[in-house]
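Visitor: Build the full structure now, drawing on both the sequences and the hints.
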Amino acid sequence: MSNRSLTVLGTLLAIVAVLYACQGEEAIRKAQYYTNGQKLYAQRCQNCHGSNGEGLGQLYPPLSDTIYLAGNLNKVACMIKFGSNETIEVLGKIYDSEMPPNKDLTDQDIAYIMTYIGNSFGNELGWIKTEEVTNSLAACNKGD
Amino acid sequence: MKYIINNSKWFYLLSALMMATAACKQNGNSEKLPILGKREAVSKIVNGNELIDTLYQTIPAFSFLNQDSTEINQSDFSNSIYVTDFFFTTCPSICPIMSRNLLQVLDKYRGNEEVKILSHTINPKYDRPSVLKKYADKLGIEGNQWEFAWGPQADIYKMADSYMVFAKEDPNAPGGFEHQGWFILVDKQARIRGAYDGTDADQVSKLLSDMDILLAEYHEQ
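As they're listed, the protein sequences go chains A and B. So in our numbering, spot 137 of the first sequence is number 137, and the numbers just go up one at a time. So in our numbering, spot 26 of the second sequence is number 26, and the numbers just go up one at a time.
Treat the hints loosely; a few may be bogus.
Residues from chain B shown here face chain A by an in silico Cβ test under 10 Å; the list is partial [claimed, not checked]:
#1 L103
#2 V115
#3 N172
Think about it this way: if two alpha-carbon atoms lie no more than 27 Å apart in a straight line, the pair counts; the simulated DSS-like pairs of lysine-lysine are [stated by the list, open to error]:
#4 A:K93 to B:K133
#5 A:K93 to B:K138
#6 B:K138 to A:K75
#7 A:K75 to A:K30
#8 A:K103 to B:K168
Calculated from the structure, these hints are not laboratory results. Just so it is clear, CB atoms sit at the ideal spot from N, CA and C, and this is done for glycine as well.
Guide: Structure representation (structure tokens):
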């Protein structure tokens, strides 16, 4: 390798390192989770909740109620894994249809999806870690 | 100035030409939708001459209850073109997308008496008319431009066959029923004029423009 290309490589590496440090591990993780979550969302959730999280009439609630989502993270992890058939209020409207379970999703998958919805449609909840999901699921008393 | 006047003359000539070709296109057969399904040639004698006529497949007579528990039958659809599909209210997979897309159809033609929507439940055991009513309410549908059909399972599945849509009960399918997300476009003479994947945005746009073409058939001359 010539001296010249070594210098170029070195400079590039330095730039990457600086970028990495600036963004921080957390931001990078968040971006990875978000991207993986986006794919899972399209496969599992978008049919009901819509590509912009807009929901569908009073059948399926929107995911843009930032207060609901921020205040119910444990519950939402349980809803995604085990489904839900309650009466809930989202953006001032009542919903009582059934959300199906996704028992085959791992805690990691659910963390991906929650990081995606938690940072889309107006929500800004940052990186939602796999351990947080594991803890939420342990507390929802629905294992079978 | 002279130059501009000259130019605008050309402009008028060109636009006249364009209008003429556009008019031709509308009257020509190129803009007609095909008639789908089986067809039969029948011969008949008119004024002593033998004529060959084509008989097209049509949707057979039916009678169902709608979301208001009122009877609906083919005559409720003979003055309109309609889009029909097969679904069930608890379907976790494709039906929400189909309903969202049919709402788009309703939004475009809301209040147009020549356009109706007919959704059949393939799970009549659970989707009684009152359940269909609740579903319609939650979608924000009022009135009867969009009818939901309930009837004996065998009758519904026979209708699915006539519309060439596959539907069957299957415990292994999501929600317990296997079915296809087709939107079938039917004309005022009960003939099938188009079939579209109701879960695909491009196909739904095609349906919307085909509906305009079909409606134009009834407005020529």
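Visitor: Work down the list of hints and note, for each, if the structure agrees.
Guide: So, going through the hints one by one against the coordinates:
1. L103: holds (8 Å)
2. V115: violated (20 Å)
3. N172: Hint violated; N172 of chain B Cβ to chain A Cβ min 15 Å, cut 10 Å.
4. A:K93 to B:K133: holds (19 Å)
5. A:K93 to B:K138: Holds. K93 of chain A to K138 of chain B sits at ~11 Å (cutoff 27 Å).
6. B:K138 to A:K75: holds (24 Å)
7. A:K75 to A:K30: At roughly 21 Å apart (the allowed maximum being 27 Å), K30 of chain A and K75 of chain A satisfy the hint.
8. A:K103 to B:K168: Holds. K103 of chain A to K168 of chain B sits at ~25 Å (cutoff 27 Å).
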